[in-house]
Structures are given as C-alpha cells and as structure tokens.
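Undergrad: Here's the letter readout for the chains.
10 protein chains.
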Amino acid sequence: MLFMVEMDVAIPLDFDADEAAALKAREKAYSQDLQASGVWRHIWRKAGLYSNVSIFDVADNAALHDTLMALPLYPFMTMKVTPLCRHPSSIRDDDS
Amino acid sequence: MLFMVEMDVAIPLDFDADEAAALKAREKAYSQDLQASGVWRHIWRKAGLYSNVSIFDVADNAALHDTLMALPLYPFMTMKVTPLCRHPSSIRDDDS
Amino acid sequence: MLFMVEMDVAIPLDFDADEAAALKAREKAYSQDLQASGVWRHIWRKAGLYSNVSIFDVADNAALHDTLMALPLYPFMTMKVTPLCRHPSSIRDDDS
Amino acid sequence: MLFMVEMDVAIPLDFDADEAAALKAREKAYSQDLQASGVWRHIWRKAGLYSNVSIFDVADNAALHDTLMALPLYPFMTMKVTPLCRHPSSIRDDDS
Amino acid sequence: MLFMVEMDVAIPLDFDADEAAALKAREKAYSQDLQASGVWRHIWRKAGLYSNVSIFDVADNAALHDTLMALPLYPFMTMKVTPLCRHPSSIRDDDS
Amino acid sequence: MLFMVEMDVAIPLDFDADEAAALKAREKAYSQDLQASGVWRHIWRKAGLYSNVSIFDVADNAALHDTLMALPLYPFMTMKVTPLCRHPSSIRDDDS
Amino acid sequence: MLFMVEMDVAIPLDFDADEAAALKAREKAYSQDLQASGVWRHIWRKAGLYSNVSIFDVADNAALHDTLMALPLYPFMTMKVTPLCRHPSSIRDDDS
Amino acid sequence: MLFMVEMDVAIPLDFDADEAAALKAREKAYSQDLQASGVWRHIWRKAGLYSNVSIFDVADNAALHDTLMALPLYPFMTMKVTPLCRHPSSIRDDDS
Amino acid sequence: MLFMVEMDVAIPLDFDADEAAALKAREKAYSQDLQASGVWRHIWRKAGLYSNVSIFDVADNAALHDTLMALPLYPFMTMKVTPLCRHPSSIRDDDS
Amino acid sequence: MLFMVEMDVAIPLDFDADEAAALKAREKAYSQDLQASGVWRHIWRKAGLYSNVSIFDVADNAALHDTLMALPLYPFMTMKVTPLCRHPSSIRDDDS
Numbered sequence: 001m002l003f004m005v006e007m008d009v010a011i012p013l014d015f016d017a018d019e020a021a022a023l024k025a026r027e028k029a030y031s032q033d034l035q036a037s038g039v040w041r042h043i044w045r046k047a048g049l050y051s052n053v054s055i056f057d058v059a060d061n062a063a064l065h066d067t068l069m070a071l072p073l074y075p076f077m078t079m080k081v082t083p084l085c086r087h088p089s090s091i092r093d094d095d096s
Numbered sequence: 001m002l003f004m005v006e007m008d009v010a011i012p013l014d015f016d017a018d019e020a021a022a023l024k025a026r027e028k029a030y031s032q033d034l035q036a037s038g039v040w041r042h043i044w045r046k047a048g049l050y051s052n053v054s055i056f057d058v059a060d061n062a063a064l065h066d067t068l069m070a071l072p073l074y075p076f077m078t079m080k081v082t083p084l085c086r087h088p089s090s091i092r093d094d095d096s
Numbered sequence: 001m002l003f004m005v006e007m008d009v010a011i012p013l014d015f016d017a018d019e020a021a022a023l024k025a026r027e028k029a030y031s032q033d034l035q036a037s038g039v040w041r042h043i044w045r046k047a048g049l050y051s052n053v054s055i056f057d058v059a060d061n062a063a064l065h066d067t068l069m070a071l072p073l074y075p076f077m078t079m080k081v082t083p084l085c086r087h088p089s090s091i092r093d094d095d096s
Numbered sequence: 001m002l003f004m005v006e007m008d009v010a011i012p013l014d015f016d017a018d019e020a021a022a023l024k025a026r027e028k029a030y031s032q033d034l035q036a037s038g039v040w041r042h043i044w045r046k047a048g049l050y051s052n053v054s055i056f057d058v059a060d061n062a063a064l065h066d067t068l069m070a071l072p073l074y075p076f077m078t079m080k081v082t083p084l085c086r087h088p089s090s091i092r093d094d095d096s
Numbered sequence: 001m002l003f004m005v006e007m008d009v010a011i012p013l014d015f016d017a018d019e020a021a022a023l024k025a026r027e028k029a030y031s032q033d034l035q036a037s038g039v040w041r042h043i044w045r046k047a048g049l050y051s052n053v054s055i056f057d058v059a060d061n062a063a064l065h066d067t068l069m070a071l072p073l074y075p076f077m078t079m080k081v082t083p084l085c086r087h088p089s090s091i092r093d094d095d096s
Numbered sequence: 001m002l003f004m005v006e007m008d009v010a011i012p013l014d015f016d017a018d019e020a021a022a023l024k025a026r027e028k029a030y031s032q033d034l035q036a037s038g039v040w041r042h043i044w045r046k047a048g049l050y051s052n053v054s055i056f057d058v059a060d061n062a063a064l065h066d067t068l069m070a071l072p073l074y075p076f077m078t079m080k081v082t083p084l085c086r087h088p089s090s091i092r093d094d095d096s
Numbered sequence: 001m002l003f004m005v006e007m008d009v010a011i012p013l014d015f016d017a018d019e020a021a022a023l024k025a026r027e028k029a030y031s032q033d034l035q036a037s038g039v040w041r042h043i044w045r046k047a048g049l050y051s052n053v054s055i056f057d058v059a060d061n062a063a064l065h066d067t068l069m070a071l072p073l074y075p076f077m078t079m080k081v082t083p084l085c086r087h088p089s090s091i092r093d094d095d096s
Numbered sequence: 001m002l003f004m005v006e007m008d009v010a011i012p013l014d015f016d017a018d019e020a021a022a023l024k025a026r027e028k029a030y031s032q033d034l035q036a037s038g039v040w041r042h043i044w045r046k047a048g049l050y051s052n053v054s055i056f057d058v059a060d061n062a063a064l065h066d067t068l069m070a071l072p073l074y075p076f077m078t079m080k081v082t083p084l085c086r087h088p089s090s091i092r093d094d095d096s
Numbered sequence: 001m002l003f004m005v006e007m008d009v010a011i012p013l014d015f016d017a018d019e020a021a022a023l024k025a026r027e028k029a030y031s032q033d034l035q036a037s038g039v040w041r042h043i044w045r046k047a048g049l050y051s052n053v054s055i056f057d058v059a060d061n062a063a064l065h066d067t068l069m070a071l072p073l074y075p076f077m078t079m080k081v082t083p084l085c086r087h088p089s090s091i092r093d094d095d096s
Numbered sequence: 001m002l003f004m005v006e007m008d009v010a011i012p013l014d015f016d017a018d019e020a021a022a023l024k025a026r027e028k029a030y031s032q033d034l035q036a037s038g039v040w041r042h043i044w045r046k047a048g049l050y051s052n053v054s055i056f057d058v059a060d061n062a063a064l065h066d067t068l069m070a071l072p073l074y075p076f077m078t079m080k081v082t083p084l085c086r087h088p089s090s091i092r093d094d095d096s
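Residue numbers (the UniProt record's numbering), protein chains in the order written: chain A, 1 to 96; chain B, 1 to 96; chain C, 1 to 96; chain D, 1 to 96; chain E, 1 to 96; chain F, 1 to 96; chain G, 1 to 96; chain H, 1 to 96; chain I, 1 to 96; chain J, 1 to 96.
Hints were generated in silico from the structure; no laboratory data involved.
Some clues are possibly wrong.
What the hints assert, rightly or not - Calculated lysine to aspartate or glutamate pairs in the DMTMM-like style (CA-CA distance at most 20 angstroms, straight line):
id : chain 1 : residue 1 : chain 2 : residue 2
1  : I       : Lys24     : B       : Asp66
2  : J       : Lys80     : B       : Glu6
3  : A       : Lys80     : A       : Asp8
4  : B       : Lys28     : B       : Asp16
5  : C       : Lys80     : D       : Asp8
6  : F       : Lys80     : E       : Glu6
7  : C       : Lys24     : E       : Asp66
8  : B       : Lys24     : C       : Asp66
9  : I       : Lys28     : J       : Asp94
10 : D       : Lys28     : A       : Asp66
11 : D       : Lys28     : C       : Asp95
12 : B       : Lys28     : A       : Asp93
Construct the complete structure from the given sequences, taking the supplied hints into account.
TA: The following block contains the structure:
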C-alpha cells in the first residue's frame, strides 16, 4: 500500500555540527536500508529546498507510522502524509 | 529531468455527461501513451479524491509545459508543479 | 485499518429539490449499509454545519477510495482524508 | 455530549529528556483513567505525525475545558476543538 | 451552555428580490423569537459586513445544530462555531 | 460603541512561574475593574484553549487601544479586533 | 474616528454593461459627496487592481456601517475594515 | 508617488528595556523628520495592535526601500508594501 | 522603475471560443507593442500553468495601473503586483 | 532553462554582527560570479523587504539545486522556486 510523504527538514542554526552530521549519516543509512528492502520506493529532492518527496510501500497505516517515527531526523521534520492508490489510467502493474 | 505534478480535477456538475466521458477517454489514452514512452513515469490516485500525483520525466520546463497543456482535461484541472532532482540518499540509479 | 474522513456537503441553491431528496435518501441507505457491515464505524455531524466526521475501517487505501467514490453525494462533497492508527495510550483493543 | 479534539504535540528539542518521559507517563495514565471512565471515548494516532484525534463525551463545554486543561502535556499542545452531534444517518444508538 | 456563532451571509446577485425579502423577514422573526426566549442571547452586526456575531445559550450541541439549521437564511450562510465557557475572571454570574 | 476582541495567550514555557502568576493576578484585577465599570462587557473562555472572546464598550477606537495596551498580559497576547454595531434584528435596547 | 476600509470590486463578466456604468456613476457621485463632507477622507487606487484603500472619518461603528452599506457597488465588493487611532509619533493634529 | 506600508512591530520579550526605549525614541524622531519633510504623509495606529498603517510619498521604489531600511526598528518589523495611485473618484488634487 | 506582475488567467469554460481567440490575439499584439517600446521588459510563462511572470518598466505607479488596466484579458486575470528596485549585488547597470 | 527564485532572508537578531557581515560579503561575491557567468540572469530587491526575486538560467533542476544550496546565506533563507519557460508572446529571442 502506497503513501506519499513530503518531509521538510529544519535543523536549528545553533545545533551542534558534529551531532547533525552523525544524525544525517544515520538517516542516510536508515533510508538506504528501507530502499533496499522495497519499503521506501522512491525519494526525490525538491529542487532548491531541504525537503523531499518520498513514496512508501507498507502493510498498513501503523507500519507507515512506525517507519517514519524511527527516522533519525524525525524531530527536525515537518511531515505531510497522503494515502495513494492505483490510478485507473496506470499501465504499470507494479505501481499499485 | 523530473517534476512532480499534482492535478485536481473538477468537472462542473452540469457538464454534459457524454462530453465528459469522451474527454476522460481521451485523457486516459493520452496518459497511457506518455506512460508507454517514459515521459509520464508514475501516476497515483490520491485516496478519496479526484486528484492524482504524477511524476514526469521531460527534457526541460518547456517540454513539461507543452505536455501538460495538451491534457484533454486541462481546462478542468488545478495544477501544482514541483521540480525534483536526485536525492543524495537514493540508491536507484534510474530514479532521478 | 482506520481513516478519518471529513466531508463537507454543498448542494447548489438551484439544484432540483426532488433530485436532492432522492440523492440524500440513497446516501443514507448507502451509509447505513456500510455502518451495518462495520466499514463505516462512526459518523457524527459537526454542530451547525452541513459536514460530518466519519471513521472508516477498510482493508487498504484502494478500498477507502472505492467506498468514498460510490457515495451518492460525492459530486457535492469536499473530502479531507487522514490515515489513523492505534494510539499507544488506547485501552480499547478493538479501536484501531 | 461529544467533541472531536485534535491535538498536535511539540516538545522543544532541548527539553529535558527525563522530564519529558515523566510528563508522557503522566499523560498516558491520565488518558487511560478518562478512557476507563468513558469521558475519553476514542483516541487515534494520525499516521506519521505526533498528533492524535480524540472523541470526548462530557457534560458540557466547561467540563471539556477542565478536562483538556488538566492534560500533563497541555502546555506543549496545539488544540482544535469541534463540537459534534448525532448524525441523522447513524445506526448506533450509543454513538452520541 | 454558550456558543459563539459567526454568520456570513451571501445572497446571489441574481436571486429574486421578493423571495429574498420574504426570507429576511422570516429570519428576523425567527431570530427575535429566539432572543425573547433567551436562546439567542446576543446578536451584533460586524461593522461594514453582511455578517453577525451571535451568542447562543442552548442545552447541548444537538440543540445548537437544530437551532441553526432552522434559520431561514441558512442555505446562504457560512458558519463558524466556537464553544464557550465561563471565564475565571468573569464577575457576571449569569454570563456563562 | 462595541468591539469584539479575541485574545490568544502564549506564555513561553521557560517563563518564570512566580512572575507569570503575578501577571495573571494583575490581569484578573484589571479585567474585573473594567467589568465593574461597564467597559469590559463580556468575557468568555474558548473551550479547550487559552483564549478568550471579549466584548468592550468604549467611547472610540483610541479608548479601545489604550484599554488593551494596558493589559498586564498584553505582551504575551495575539489580538484580533472586530468593530461591532447594533443588529437590525436585535430586541435588546442596551445591546449595542 | 478613523477607519481604513479596503474594497475589492468584482463585477461578474456577464453583468449588463449599461447597468454597470450606471452603478459606477452613482458610486462616484456618492463617494465625491462624502469626500466633500469630510466623511470619506482619502481614497487611493491599489496599482494594477480593481481595489481601493479608503480612510473614513465617522462618528462611530454604526455610522461606518451605514455609510458602507449605502455604496451603490456594495453588493459587488469584498470589504476589510480596520479601526485606526492616532499614532503617538504623528505630528499632524488633524490626522486622527 | 504614494505607497501604503503596514508595519507590525514585535520586540522579543527578553530584549533589553533600555535599548528598546532608545530605539523607539530614535524611531519617533526619524518618523517625525520624514513627516515634517512630507515623505511620510500619514501614520495611524491599528487599534489594539502594535502595528501602523502609513502612507509614504517618495520619488520611486528605490527611495521607498531606502527610507524603510533606515527605520531604527526595521529589524523588529514585518512589512507589507502596496503601491497606490490616484483614484478616479478622488476630489483632492494633492492626494495622489 | 520596475515592477514584477504575476498574472493568472482564467477564462470561463463556457466563454465563446471565437471571442476568446480574438481577445488573445489583441492581448498578444498589445503585449508585443509594449515589449518593443521597453515598457514590458520580460514575460515568462510559469511552466504548466496559464500564468505569467512579467517585469514592467514604467514611470510610476499610475503608469503601471493604466498599462495593466488596458490589457484585453484583464477582466479574466488575477494580478499580484510587487514593486522592485536595484539589488546591491547586481552587476547589470541597466537592470533596475 | 529558467527558474524564478524568490528568497526571503532572516538573520536572527542576536547573530554575531561580524559573522553576518562576512557571510553577506561572501554571498555578494558568489552572486556576482554567477551573474558574470550568465547563470544568475537577474536579481532585484523587493522594495521595503529583505527579499529578492531572481532569475536563474541553469542546465536542469539538479544544477539549480546545487547552485542554491551553495549560497552562503542559504541557512537563513526561505526559498520559493517557480519553473519558467518561454512565453508565446515574447519578442526576445534570448529571453527563453
């Protein structure tokens, strides 16, 4: 089941730089693990912004919630969640 | 080059039903041709809404404009366009 | 899987009164069938408004979409969809 | 008498972790007591957000106010209150 | 129990003038009956606007809903409902 | 001359508790003096919020401004001011 | 007593041109009479828009309401009313 | 050439009181000099708010920008700028 | 003196097609004359939208107003006007 | 390929003045290098605001992103990005 999640990241200007770098590294590893497993289907950067558009493929709403809450940068993010479903015009069988 | 386009469709209540059906059929054919050619990479329905989230892969802004303007349902749509680019955490080589 | 759906209804002032009454009767029957089957768990009126807050229990996003699209009054409604999940403080086993 | 209350929680990034944990524990106990007594009828998490949708059953507006003001996390919350009433299509006698 | 209700009235430009006058006369009579009975405690015009701020004193949310739905001009109004309660600084015993 | 004033209060989480208590005590005394003199006609709490709806009866805009600016909690408040006047349907001679 | 009133004018595209011209002529005459009498102190066009910013000098809120309601183009206008008062830095004795 | 400028002032709660008083004194002197020279034509307080509406008469956009940037309180202000021009109904020759 | 003007065009679905074509032809001729004379410095399409971003170089606010009001498609447009001035980092002498 | 980028700058009141001056100097040099190379085609100040409107000419969305992310003041900016394309009425061959 697919969801679009739009994430805006805002790390305070005075946040410790080393800690921020460590969090970003953990975020990247976490994201790439979920991409490899197929849960995090797509991630794109919004051009010019510290924001992304992501597509998640999860079992249900609770799985989405748990996946997002475990993001290392979650406390710095504003989330917008949009449930998606197959479009009647889609020609891709695997694109739900 | 990728763009997210969010389309909300609003056909007036008193619009001729046959004409609406014809437009929707042309819209579907047009969309499927562009999906087959790789221009319209993804199309998902927003659950519960007469709206979609789409990802387009075009040469430039002008190509995006021409592609959207030719949508048979364009006069009934409200569009939101977001330019995207590769995310540094993405593991998919073909996903930007 | 639960969703909150907020529906605002706006029937044009000059819409045929008999047709409106027929649509409302069909809407009520449709809603009550879904309530009886457990899909439409709750429906409350927002006090003073021609709007409701509803809780749906469906298999997935697609089932939600199909259920809402089949509402007889759908063309007159503005929808807001919010995916829900079990709250860690909830004491009701059957409430998510 | 029913009210929908939507609560968004925002604890500052630099708030003491132990104090936050203590407040959350008190919040959970307070919520579960009110659920057991029937005042806090439902609580659901909004998927992906640190927010909930709750349904309260109280004697009047003043009782709602006092109940919410006593929430241990109230100073960290943004509240949206919507008065509800029985929907004419509802088939559940006990659902307002 | 008190509620603030803000009502904005918008009668279409091409609405029949006689019918509008008749509706306004019925609206005035209905409002004055409710004022006399104590249900509609206050009504003020917002200066320069075709809008009012009203205070209702009703038994519960359902009574508020029924009272507002019966307004002759309801189909032309946009409503905003705010539940009120006694303020701890109020010195008027009868003002909540 | 009447004005509706809606006041939202937001005292920072780390503000000194004793100083806040002193300010609230002064605010309450100031409000009650103005209520006794008839300037502050009504004050109601918005249920669930740290906000009030108030009706002021003042000589002119300048008197309203001076009255509000002297509120001990003014620096912590967001104000919304709406000028009111007698409604043609009002039956209360003293209510505008 | 001064008020800023911002007026946006929107005459429907299919409104009768002669009737519109007649209304505008009456609006202009009405405005100029009020300017001559000192009630309508200033009127400026917002550059590029069919909107104006006006300053009214009236006895009270009710006088403002009656003055605005009598505008020939009132049914086509959206109004925003802001009560003003003398600024402590003003050097013009007659400017509030 | 005229511009309406709306200024909202927000000085942080913990800002040094002496420094604030000095800035306000400089702001007042600066404003009164510009009023005397005819550049700052009008300044009114928005009733109940720490905000003003001002009318500036400057040679061009650049002169407006330089005038505003030199305001001692500029770093604490949120500005809204609206270019104005003579209204065709105005009867005051010097009011555009 | 430069202004940014953002124009959104919305021609009703049932507007006569020939009349619309004639208006668009006149709009194009008008725009190109002003471009040739240097008044309309730039015009760009917003990709995917029936909207443009334009830069005008005019003598003053009144000239901008008259230029925009004479647009053949003005009655179908929503305008947003932003006064611009030379940026201190600009290296182009002729660009403000 | 052209983009409009609107940048609002907000440097905290308590940010070190020397550091701010150094950042602004680097920002200016960076901007002027990009203007000289043709990437940053235009930059204008919004009159009265600490904001600019800029036109960028870049190879693609990714180039825009990298260019903006390298702005020395980027952490203090709020960005709005609008993809542009040639307008059919434009008479300037080099204005895309």
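Undergrad: Which numbered hints are broken by the structure, listed smallest first?
TA: Of the numbered hints given earlier, the structure breaks none, since each of them holds.
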